[in-house]
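Using the sequences plus the hints, can you model the full thing?
These are the residues of each chain, in order.
2 protein chains.
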Amino acid sequence: MEEMNFQPNLVAKNLVSKTTGSICVVLPQISEESFSNSFYIEMIRGIVKQARDSGYDVIISSGANETEEKEAVSRLLRGRQVDGAILLCSRKEDAVVEFLKTGGYPFVLVGRSNQYDDILSVQTNNVTAAYDATRHLISMGHTRIGFISGPRELIVSADRLEGYRNAMRESELRVCPDWVLEGQVLRDSGYRAMSAYMSLSERPTALVVVDDLISFGLLRSLKELGYRVPDDLALVSFNNIQLVELSSPPISSIDMDMYFQGYTASQILIRSLKLPGNRSSEMHKQIVPHRLIVRESSVKARI
Amino acid sequence: MEEMNFQPNLVAKNLVSKTTGSICVVLPQISEESFSNSFYIEMIRGIVKQARDSGYDVIISSGANETEEKEAVSRLLRGRQVDGAILLCSRKEDAVVEFLKTGGYPFVLVGRSNQYDDILSVQTNNVTAAYDATRHLISMGHTRIGFISGPRELIVSADRLEGYRNAMRESELRVCPDWVLEGQVLRDSGYRAMSAYMSLSERPTALVVVDDLISFGLLRSLKELGYRVPDDLALVSFNNIQLVELSSPPISSIDMDMYFQGYTASQILIRSLKLPGNRSSEMHKQIVPHRLIVRESSVKARI
DNA sequence: CTGTTAGCGCATTCAG
DNA sequence: CTGAATGCGCTAACAG
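Line by line, the protein sequences are chains B and R.
Per UniProt numbering: the first sequence = residues 1 to 303.
Per UniProt numbering: the second sequence = residues 1 to 303.
These aren't lab readings, by the way, just hints derived from the structure by calculation.
It is possible that part of the hints are untrue.
Pairs count within a copy or across copies, as identical chains cannot be separated in the list.
Cut-off 30 Å, straight-line C-alpha distance, at most; resulting in silico cross-link-like pairs (DSBU-like, lysine-lysine) [claimed, not checked]:
1. Lys-223 x Lys-285
2. Lys-49 x Lys-300
3. Lys-101 x Lys-18
4. Lys-300 x Lys-223
5. Lys-49 x Lys-223
6. Lys-223 x Lys-70
7. Lys-274 x Lys-70
8. Lys-49 x Lys-18
9. Lys-285 x Lys-300
10. Lys-101 x Lys-13
11. Lys-300 x Lys-274
12. Lys-18 x Lys-285
13. Lys-101 x Lys-285
14. Lys-70 x Lys-285
15. Lys-92 x Lys-70
16. Lys-223 x Lys-18
17. Lys-300 x Lys-70
18. Lys-101 x Lys-223
19. Lys-18 x Lys-92
20. Lys-101 x Lys-274
21. Lys-274 x Lys-285
The structure presented is a predicted model; accordingly, all values stated were derived computationally and were not measured.
Listed below in structure tokens is the structure:
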């Protein structure tokens with residue numbers, strides 16, 4: 001105890017305590033193209049805040065593909081560099097989830113897994129969220145409602161599509177296959193795709209869109225094509241990024257509270273880490289409520 | 001060497017090698033309010049990519065204020081948990097910079113320091129960038145050009161203001177004090193502030209705006225007030241976020257290549273870490289070129 | 001060239 | 001209750 005302000009060597013401390021005081025979060029590459037960028041920074045802020053408050057550090061991990069992601073997180077976990085992991089995104093038959101689950105590593109998934117039901121996770125009910133979005137459009141008098149989807153391998157895409165179908169079925173509305181589009185098409189050639197879409201003999205009068213970013217692109221293409229929102233086409237999308245209220249018209253969107261999802265994921269993980277038994281195999285699914293923010297893009301009548 | 005696939009304990013390895021193979025990046029809180037969110041995730045992606053390729057891990061650090069940030073990075077560095085740090089944002093008389101510099105820790109600043117000139121840094125020339133933006137507006141025939149600034153304590157705000165003033169002075173154009181506004185005002189009450197602004201007896205016909213996000217807000221307020229962009233007011237802003245080309249009209253913006261800035265910062269830091277002498281006190285300033293992307297918000301004549 | 005040992009900086013344990 | 005020894009898992013220097 002030489003001088004007063006003395007900082008112990010954390011590495012040595014970690015070695016003896018067999019705990020690192022760190023968690024890693026896997027920053028996905030796949031959804032980078034299709035989902036809003038600000039999406040993840042919000043989650044990360046939430047994770048870092050909570051981890052910091054709990055005395056944990058956060059390591060950002062990533063990989064160009066599923067295999068690289070798995071190897072990165074494996075090195076960290078097996079090398080005892082981190083105590084647990086947070087996955088920000090879930091794919092169908094996700095190799096990273098499988099690795100973490102079968103390896104018995106502590107981890108939390110932000111999203112749903114289609115492989116295991118007994119894992120720690122924080123998620124919004126995407127089926128219900130899409131159902132709500134669709135119901136809202138139906139309540140505004142729409143009967144021909146389309147759906148713009150995200151990458152097929154993401155579970156969130158499938159869930160939202162299901163919620164949309166549920167709402168349509170419940171109201172006995174027809175879903176024309178032509179009405180369901182993958183968002184990627186729009187990013188590649190928004191104008192052309194939208195032109196074709198709006199020329200359908202029986203075109204939709206409203207759209208449920210899987211991410212706000214795509215809505216921005218749609219808005220732009222529609223304006224160029226001379227269509228008006230919401231009069232010619234009403235829009236509701238997901239994630240409620242900061243900018244949706246500044247677009248013209250402002251976009252109706254379902255808020256998922258990304259910061260809180262990150263905060264909660266971190267909380268669940270660290271709590272499980274601190275449990276003596278470390279019974280992470282126990283089922284623990286935390287549902288974060290969503291809420292629809294109605295703005296002009298889905299409301300015809302001006303007040 | 002029991003089994004074939006064996007992962008050594010990195011903590012023990014680090015302890016003996018006296019090197020951690022990790023760097024930390026300080027995620028600033030201050031600019032969260034005034035600058036685009038997607039801004040930082042881009043930098044982080046660049047940092048993580050380069051660090052990963054160099055065999056380094058990235059720890060995200062943050063704090064609610066300058067002091068907390070300093071303590072967080074201090075704990076990491078003095079506790080030998082990381083080998084160096086990257087600062088994503090520079091304030092005037094920045095306490096974190098001062099701590100790192102006087103402590104002799106390896107670090108790279110993304111941005112300019114007003115305290116030290118002999119530190120590792122990667123930056124865009126914000127003075128020139130703002131000069132270019134202003135010159136562009138002047139070349140479009142504008143003479144009454146205003147400026148919307150960011151937080152005063154950020155060096156980037158001051159530099160851009162200076163570049164704007166330089167261009168105006170060079171062209172012998174007057175800068176009316178009423179024309180220079182702090183962005184925060186607009187976020188608090190965009191409509192009201194903009195209404196007052198446009199009612200000035202001698203109001204500007206063009207604006208240089210410190211961040212794209214503020215431009216979005218301006219666009220919204222102006223539309224509500226019945227003004228047209230670029231006819232009533234032309235706009236150029238900074239950072240060139242993904243969404244500027246999807247707004248209506250698309251916003252002219254100066255691209256700063258955030259991903260590359262992050263990538264470069266990581267590269268400089270890790271290179272200095274690997275140097276035997278670790279002569280980080282050597283001056284090394286990397287300037288990342290910017291470029292103006294002209295879009296409709298600053299061009300009156302339709303082609 | 002292969003196998004053994006010392007020590008990295010702590011925390012925990014045991015002895016004084 | 002305070003102080004010295006042991007070991008965390010690895011790498012390095014060392015001896016066989």
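Against the structure, the hints come out as follows:
Neither within a single protomer nor between protomers do Lys-223 and Lys-285 lie at most 30 Å apart by alpha-carbon distance, with minima of 42 Å and 44 Å respectively. In this homomeric assembly, Lys-49 and Lys-300 never come within 30 Å of each other (Cα to Cα): the closest approach is 41 Å inside a single copy and 46 Å across copies. Proximity of Lys-101 to Lys-18 under the C-alpha cut-off of 30 Å is restricted to the intra-copy arrangement: shortest distance 21 Å within a copy versus 33 Å between copies. In this assembly of identical chains, the alpha carbons of Lys-300 and Lys-223 lie at most 30 Å apart whether taken from the same copy (17 Å) or from different copies (18 Å).
In this assembly of identical chains, Lys-49 and Lys-223 lie within 30 Å of each other by CA distance neither inside one copy nor across copies; the values are 41 Å within and 37 Å between. For the identical chains of this complex, Lys-223 and Lys-70 are neighbours neither inside a copy (43 Å) nor across copies (48 Å), given an alpha-carbon limit of 30 Å. For a Cα distance limit of 30 Å, the shortest separation of Lys-274 from Lys-70 qualifies both inside one copy, at 24 Å, and across copies, at 27 Å. With identical chains, the CA atoms of Lys-49 and Lys-18 are at most 30 Å apart both within one copy (24 Å) and between copies (29 Å).
Proximity of Lys-285 and Lys-300 under a CA criterion of 30 Å is satisfied in neither setting, with 38 Å inside one chain copy and 54 Å between copies. In the homo-oligomer, the alpha carbons of Lys-101 and Lys-13 lie at most 30 Å apart both inside one protomer (28 Å) and across protomers (26 Å), since each shortest distance falls under that limit. In this assembly of identical chains, the alpha carbons of Lys-300 and Lys-274 never lie at most 30 Å apart, being 52 Å within a copy and 62 Å across copies at closest. Proximity of Lys-18 to Lys-285 under the C-alpha cut-off of 30 Å is restricted to the intra-copy arrangement: shortest distance 28 Å within a copy versus 41 Å between copies.
Taking the shortest Cα distances, Lys-101 and Lys-285 sit within 30 Å of each other inside one copy (15 Å), while across copies they are farther apart (46 Å). Proximity of Lys-70 and Lys-285 under a CA criterion of 30 Å is satisfied intra-copy only: 23 Å inside one chain copy versus 36 Å between copies. With identical chains, the CA atoms of Lys-92 and Lys-70 are at most 30 Å apart within one copy only, with a shortest distance of 15 Å there and 42 Å across copies. For a Cα distance limit of 30 Å, the shortest separation of Lys-223 from Lys-18 qualifies neither inside one copy, at 59 Å, nor across copies, at 60 Å.
For a Cα distance limit of 30 Å, the shortest separation of Lys-300 from Lys-70 qualifies neither inside one copy, at 47 Å, nor across copies, at 51 Å. For the homomeric pair Lys-101 and Lys-223, neither the shortest alpha-carbon distance inside one copy (48 Å) nor that between copies (52 Å) is at most 30 Å. In this assembly of identical chains, Lys-18 and Lys-92 lie within 30 Å of each other by CA distance neither inside one copy nor across copies; the values are 34 Å within and 41 Å between. For a Cα distance limit of 30 Å, the shortest separation of Lys-101 from Lys-274 inside one copy, 18 Å, qualifies, whereas the shortest one across copies, 37 Å, does not.
Taking identical chains as interchangeable, the C-alpha atoms of Lys-274 and Lys-285 lie at most 30 Å apart only when both belong to the same chain, with a minimum of 18 Å there against 44 Å between chains.
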